[in-house]
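Visitor: Sequence:
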Amino acid sequence: MPRNSSMAKPNLHVVLFPFPAHGHISPHLNLAARLHQYHSNLTITLVSTPHNIAVIRSSLHPTSRLQLHSLPFRPADHGLQTDSESTEDLPSDQFENFFFSRQSPSAQPLIILSLRFPSNLPYASSQICSWGVHSTLLGTSAFGGAVYLSLLMNLPHNYSDSDPFTLPEYPELSTLYKTDAVLINTSEYLDLVGLVMLKKTLNLPVIPIGPLVGSPYSPILSSENECKIIECHKSIGAFLSHCGWNSVLESLNSGVPIIGWPLGGDQPFNVTILVKLGVCVEVARGNLETSEVEKEKVADAVQMVMSDNEKGRDMREKAKEISKMLKGEWKDESCSSAKGLAEFLKLIETVNVCRAL
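Counting in my numbering, the sequence shown runs from 0 upward without gaps.
Calculated directly from the structure, the hints in this document are not laboratory data. No incorrect hints appear here.
In silico BS3-like links for lysine-lysine, alpha-carbon gap of 27 Å or less:
#1 Lys-319 <-> Lys-296
#2 Lys-275 <-> Lys-198
#3 Lys-233 <-> Lys-323
#4 Lys-310 <-> Lys-296
#5 Lys-233 <-> Lys-330
#6 Lys-323 <-> Lys-338
#7 Lys-330 <-> Lys-317
#8 Lys-338 <-> Lys-326
Computed spacing ranges between beta-carbons, pair by pair:
#9 Ser-234 <-> Lys-296: 21 to 29 Å
#10 Ser-57 <-> Glu-342: 29 to 37 Å
#11 Arg-64 <-> Ser-246: 22 to 30 Å
#12 Val-274 <-> Ala-298: 14 to 22 Å
Backbone N, C-alpha and C define an ideal beta-carbon position, used for all residues, glycine too.
Given these sequences and hints, build the entire structure.
Guide: See the structure below:
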């Protein structure tokens, strides 16, 4: 792992603006730690709602160099419930109001890295670009992101000289094609086909810098610490997961198979990756009233994954193999994710303005 070099490096300020949910904040904290390891003169500020910032601040190590900044935010001003500063506090029908509520700038950063799925970019992208934002980190799998963007691109639309495609409800999606590179929380070992697809779809450099799992900056509260101990305990045989990409990486990092119940977005595409890798069995799809699953199907999936039959043994061994590979992605500077982060830092040092999805 490369550490801070004695050679002088330019002063850069990176502002991390994660989607306000724990599953998205945690990878940003991990990324902050990685960036500080690689760059000696880097100022990093994480921006979020007052409640989220208070939780993170109370948990940071005293020697942490990560700066925190809370955005003025009153949920009631946006039609949200009182104290709704995280997606954990919101019903799904309030999410759109929450996306719009994040369009209040408080600073002019050099670079912003924001973990969001492309479908949610229009809620903030026009305002974000006016702040001088130069980077966004894609939090899907490369395969999921490529398939989703391909579907959007092939919807009926009108072309213009200035926009790669035009969608009345999503005019800001052309921003994706004005970037210098793509940062993505994945690894070549897991997602090589998806990385190739995404490069072809966007015609841009795509830089894998994952897995962003665990971090000395993570807001470790006593309850969360207990959860981490449980996740990695040898008695855990499988995880039931909605298969959001960050959750997938955490599960695979723990080295156990997954029982998949994808709800929407990129999650069905992620299940495709996991099933092909041999570490997942899908039991249901969606979160509608019609998305019921019979108890016998769940029981069969649990038995398949955890019993001492050939299929179960193969899945557990494959999960352990993937866990070992993922933990090796940051072992030294020759690993793909370590090289990817070094490539990104070189880019922002030389170009000074990097726009990465």
